[in-house]
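Trainee: Model the placement of chain B on the given structure of chain A, informed by the hints.
Protein chains in written order, with our numbering: chain A, 32 to 314; chain B, 32 to 314.
Watch out, some of these pointers could steer you wrong.
Note that identical chains are pooled: a pair holds if it fits in a single copy or bridges any two copies.
[To be verified] Using 30 Å as the maximum straight-line C-alpha spacing, the simulated BS3-like pairs for lysine-lysine come out as follows:
id, residue 1, residue 2
1, K91, K170
2, K201, K91
3, K218, K284
4, K263, K201
5, K218, K95
6, K201, K82
7, K170, K82
8, K170, K263
9, K263, K218
10, K170, K201
11, K95, K170
12, K284, K95
If you're looking for bench data, these hints aren't it; they were derived computationally from the structure.
2 protein chains.
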Amino acid sequence: MSTSYFGCQSLRFSPAKRLFVSTNFSSRKFRCGPAFASTSDFGKDLSLQMKVEMLLDSMKWDDKGLAVAIAQNVDTGAILMQGFANREAVATTASQRKATFYSRSRSQLWTKGETSNNFINIHDIFIDCDRDSIIYLGKPDGPTCHTGAETCYYTSLDDLMESQQEVNHKLALSTLYSLESTISERKVEIAVPQNGKPSWTRRLLLDNNLLCSKIREEADELCRTLEENEDKSRTASEMADVLYHAMVLLAVKEVEMEDVLQILRQRFSQSGIEEKRNRPPKS
Amino acid sequence: MSTSYFGCQSLRFSPAKRLFVSTNFSSRKFRCGPAFASTSDFGKDLSLQMKVEMLLDSMKWDDKGLAVAIAQNVDTGAILMQGFANREAVATTASQRKATFYSRSRSQLWTKGETSNNFINIHDIFIDCDRDSIIYLGKPDGPTCHTGAETCYYTSLDDLMESQQEVNHKLALSTLYSLESTISERKVEIAVPQNGKPSWTRRLLLDNNLLCSKIREEADELCRTLEENEDKSRTASEMADVLYHAMVLLAVKEVEMEDVLQILRQRFSQSGIEEKRNRPPKS
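One chain only, chain A, in its complex shape (with noise of 0.2 Å):
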């Protein structure tokens, strides 16, 4: 096709601005100033500092000065970390678009990446209804956890109470990864040799024809519920089928769910025809 998905540019991520912060912070009143910005942004990069340093005069800082800063993956939605920020570690974040917060032992601003190189590249910063609340919605380079995890929350409550081991590793995953998780523990698992009828996800990633059948007449039928007007939770169920297998074959060719969601998140961020162009060839 040539034309654009969406016929514009717009979606939901806003392309990364910079505001040049200068380095000269004051106590509270950070300045911002066009360090680098050509005469002609002058009067555009003054807008955007004005209409940060209102921003961040309108937030709740607490008695320390600072705000619970959480990291979230954009393309999974998984929470990474939780930090705390002050204003200049937002104002930071929003200038560098690296995650940044505010270390209340060392006193003083870190960049989450700064020794690791795992910096967190931030899409958009959000602020909750009460203003003492934010998310940095960003892309990890890497783990983010100090322990090498993917996240920082991978004990569960649920799991220490049913086992009697002190320490397991599950990450918070929500349902999509879950899935993706458990479909691959199952790939893992398919070597081991196993007593009474195996599961319908190991035939599936036992069996190339039989997954691709599935995949096709799973499409199908998610068709037919619009063609021939059926209820939507048909359509939700036959989604739900389309979604589980089109995974199982991800999982066969060791593709990642969060891969495909980076291509979707790039592909609308840029026009239809711009990315096209871009792609590589079919085969």
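Mentor: Same frame as chain A, now just chain B:
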């Protein structure tokens, strides 16, 4: 199929556990007793109780006895709200399976939903590597924010910098739900006369035959990346196409992705046989 997808009831979502915490809290050490447990459950509940006590002992509470608690939608991954929790709040959340916080202004526990009835039903609780931050992973009964918004995070700093308006409402959404939201916006715009060539999404939304033929075609292309041993990057790209086109169909049928994921979660937390039995008959 008569087999289970996974051949067991495992999966990441532990069934709800009840600890039956009594309401006789002491100041710091809460007491939980198996108030409603049968005699045979007594030993098990006592053991669970001890485990929760140990876990709560190992938490790093701040100087006010609090930790950050983040409520996250288990199906979409959306961060719903953020509050603070003390020992009692976490214990109550674990036992009652409703997200419960400690109100710093009212100096008392509060369960989200006790006024609005929009409870957040807990699926699991996660603790971070530092043991001072908690995720309440759950399913909200309705909008979480007191403003009626789905989540409390609807103010984008980037948007605020771009527009002149002080207030704009754009939820902090991860890629899949941003895409869904944009497709929905395009659907609303269909009624508005448009100049120039229509976007691809608009064409799909207006032409069921085109949409269904594309879904079948993209599913086929996804399968061929496996059958013809194509590059992983092609698989990811074709999966992105399948997902996008199927999501346009969901928009036409007014089905939300969250409903699809809820079905997947429910399907994979029970045996396949049981789930199949509970499905409505196909047309």
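Trainee: Each hint should be assessed against the structure and marked as holding or not.
Mentor: Verification of the hints:
Both within a single protomer and between protomers do K91 and K170 lie at most 30 Å apart by alpha-carbon distance, with minima of 27 Å and 28 Å respectively. For the homomeric pair K201 and K91, the shortest alpha-carbon distance between copies (20 Å) is at most 30 Å, but the shortest distance inside one copy (34 Å) is not. With identical chains, the CA atoms of K218 and K284 are at most 30 Å apart within one copy only, with a shortest distance of 11 Å there and 34 Å across copies. Taking the shortest Cα distances, K263 and K201 sit within 30 Å of each other only across copies (27 Å), while inside one copy they are farther apart (34 Å).
For the homomeric pair K218 and K95, neither the shortest alpha-carbon distance inside one copy (49 Å) nor that between copies (46 Å) is at most 30 Å. Proximity of K201 to K82 under the C-alpha cut-off of 30 Å is restricted to the inter-copy arrangement: shortest distance 18 Å between copies versus 41 Å within a copy. Taking the shortest Cα distances, K170 and K82 sit within 30 Å of each other inside one copy (25 Å), while across copies they are farther apart (36 Å). With identical chains, the CA atoms of K170 and K263 are at most 30 Å apart between copies only, with a shortest distance of 21 Å across copies and 34 Å within one.
For the homomeric pair K263 and K218, the shortest alpha-carbon distance between copies (17 Å) is at most 30 Å, but the shortest distance inside one copy (32 Å) is not. Both within a single protomer and between protomers do K170 and K201 lie at most 30 Å apart by alpha-carbon distance, with minima of 21 Å and 19 Å respectively. Taking CA atoms no more than 30 Å apart as the test, K95 paired with K170 passes inside one copy only; the shortest distance there is 29 Å, against 33 Å between copies. Neither within a single protomer nor between protomers do K284 and K95 lie at most 30 Å apart by alpha-carbon distance, with minima of 50 Å and 50 Å respectively.
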